[in-house]
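Dock chain B against chain A, hints included.
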Amino acid sequence: MKITFIGTGAGVYSPFTDGYRTYTSVLIDGLAIDAGITFLPALKAAGASPAQIMNIAYTHAHSDHWHPEVLRQLVLADGPARVAAPPKLARKIERFLLDEALPKAPEVVPLEPAGDAAFDGVRLTALEANHARIANEPSLNYLVESDGKRALYMVDSSVPVAATVKFLREQPEPADILIMDATTVMDDGHKYMFAHGSLPSVARVAECFRRTQVLKPDAPVYGIHFSAALLAERAPTERELAELGVLMPADGMRVEV
Amino acid sequence: MRITFLGTGVGKYEPDARGYRANTCVLADDLLIDAPPTLQTSLARAGRTAGEIRNVLYTHSHSDHFDEDTLRWLLAEAPLRAVAAGPGLADRVGVVLQDACEREGPALLRLEPGQAVEIDGLNVLPLEANHHKPGAGEVMLNFLVSRGDKAMLYLVDSGLPSWDTVGVLRAARRPVDLLVMDATEAMNDVQEMMWGHGSLQSVARAACGLRGWDLLRPDARVFGTHFGAKIVRENPPDPEAAAALGVEMAEDGMIVEL
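Chains as they are written, first to last, in this note's numbering: chain A, 1 to 257; chain B, 1001 to 1258.
Just so you know, not all the hints are guaranteed correct.
[What the hints assert, rightly or not] List of simulated lysine to any residue pairs, SDA-like, C-alpha gap at most 20 Å:
| id | chain 1 | residue 1 | chain 2 | residue 2 |
| --- | --- | --- | --- | --- |
| 1 | A | K166 | B | V1190 |
| 2 | B | K1133 | A | K216 |
| 3 | B | K1133 | A | R133 |
| 4 | B | K1133 | A | R95 |
| 5 | A | K216 | A | V255 |
| 6 | A | K191 | B | E1138 |
| 7 | A | K166 | B | E1138 |
| 8 | A | K149 | A | K191 |
| 9 | A | K191 | B | C1208 |
| 10 | A | K166 | B | H1062 |
| 11 | A | K216 | A | E173 |
| 12 | A | K104 | A | G115 |
| 13 | B | K1133 | A | A90 |
| 14 | B | K1012 | B | S1063 |
| 15 | A | K191 | B | R1170 |
| 16 | A | K2 | A | G121 |
[What the hints assert, rightly or not] Derived, one-sided and incomplete: chain A residues facing chain B with beta-carbon distance under 10 Å:
| id | residue |
| --- | --- |
| 17 | R72 |
| 18 | Q73 |
| 19 | R133 |
| 20 | A163 |
| 21 | T164 |
| 22 | A203 |
Don't read these hints as lab results, they were simulated from the structure. Computed from a predicted structure; not experimentally measured. From the three backbone atoms N, C-alpha and C, an ideal C-beta is built for every residue, glycine too.
With the rest of the complex left out, here is chain A (with noise of 0.2 Å):
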């Protein structure tokens, strides 16, 4: 399983600022999670290219993370075959689609939580995420299994709901690499913290589900999705980045699991 950080940040779009972070997305062996508005620089800066995005999963509808002009360009670019998002999400990217009457719209797909769906090879099962409800509808996270690997993504959530978790830890095989939320960076009592994770909360998840078996003993742990102005009034020094046992990955960092 190969995964590109395409983006790994949230917060104001200020690209022309030290240390700016394009929205959070994840490439993993063909499936893109989520094309917020700065997906196409980010994807170029990585060294990607819009024909290589076969998939979209969206997780909520937010505009960081989907952007109807970023799915017009990719389709145009004879990008992704086929789009999941949550079932309201959906049917607004299948009116868009049709609007727009673009020449090969892909395929969208309507998932809920505990639903799944097979992408060219890459199994993608929608879990329920605990961040904001949109339209009454619960954000998604995602448990992508390819080659034989699996990746927990749990980004825009808080902790997750323990729905979830009992969902998890039903599963037959525990995760590869988690990938969590650390919005709030070191700051574990912010205000955002109830739609949204910090680095040690991530810790505590990952310490939580290794000793539950929802997650292998020796898998990368992986905070992103930072807060720009949080990340510039407190970043971690790597001591603690290594005492939290948690990575952060940089805009186009590839990992192989």
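This is chain B only, laid out in the frame that chain A set:
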């Protein structure tokens, strides 16, 4: 508003065990939140009587919060005016009321998250809890309870409140004087049940986050409750360590005046 912590524990009923705490329930003036099987014992230990209870609110149907026999006992012993529960539990409560009351009994109030009700002068705002769902269709509740300019936020049998629950609280614009939160895991911050429960550390973090939204008054008191019997026995929490976190440990029979 006078808050009495009648029970502050969870787990097996072992009243003679060291550090025993009865099942969690509180009395806010004459409003009881949850009526577990240990209620009679708790009232007797606290020197209180069922006659002081006029209304009952239920958080959810788990057996340490809702017990049919205890509700029947209350219906016989307490001058109840209303019994309130959320979706999925209200029907069960209604069946008990119909069955137990030969004449006109207390009113059954069906609660919905985000929809405030007034119960005998107390304002109650039900909130959706973040907990393991006991059954299909049941919505588990937490509460913002207020009278006049005093308010208590009761977040028990819940992990961190969800973003939507925090949104409901922000819309209510009601900073609280007292935060009562789930600390089932006591000082064990990383536990298998951390998704639907809290620890003293997670209570401290949540209090900090809620302060960030001005949902707690600057001088608000913060209590952890609903301590796991086994957890407390194996690793007794130190009230001083809790105090260092800015959290007080609720004890059975403790009274807090707001």
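Tested hints:
{"no.": "1", "hint": "A:K166 - B:V1190", "in the structure": "16 Å, holds"}
{"no.": "2", "hint": "B:K1133 - A:K216", "in the structure": "27 Å, violated"}
{"no.": "3", "hint": "B:K1133 - A:R133", "in the structure": "18 Å, holds"}
{"no.": "4", "hint": "B:K1133 - A:R95", "in the structure": "35 Å, violated"}
{"no.": "5", "hint": "A:K216 - A:V255", "in the structure": "17 Å, holds"}
{"no.": "6", "hint": "A:K191 - B:E1138", "in the structure": "28 Å, violated"}
{"no.": "7", "hint": "A:K166 - B:E1138", "in the structure": "17 Å, holds"}
{"no.": "8", "hint": "A:K149 - A:K191", "in the structure": "35 Å, violated"}
{"no.": "9", "hint": "A:K191 - B:C1208", "in the structure": "7 Å, holds"}
{"no.": "10", "hint": "A:K166 - B:H1062", "in the structure": "18 Å, holds"}
{"no.": "11", "hint": "A:K216 - A:E173", "in the structure": "9 Å, holds"}
{"no.": "12", "hint": "A:K104 - A:G115", "in the structure": "25 Å, violated"}
{"no.": "13", "hint": "B:K1133 - A:A90", "in the structure": "27 Å, violated"}
{"no.": "14", "hint": "B:K1012 - B:S1063", "in the structure": "11 Å, holds"}
{"no.": "15", "hint": "A:K191 - B:R1170", "in the structure": "12 Å, holds"}
{"no.": "16", "hint": "A:K2 - A:G121", "in the structure": "13 Å, holds"}
{"no.": "17", "hint": "R72", "in the structure": "30 Å, violated"}
{"no.": "18", "hint": "Q73", "in the structure": "31 Å, violated"}
{"no.": "19", "hint": "R133", "in the structure": "5 Å, holds"}
{"no.": "20", "hint": "A163", "in the structure": "7 Å, holds"}
{"no.": "21", "hint": "T164", "in the structure": "8 Å, holds"}
{"no.": "22", "hint": "A203", "in the structure": "9 Å, holds"}
In the structure shown, a violation is registered for the earlier hints numbered 2, 4, 6, 8, 12, 13, 17 and 18, in ascending order.
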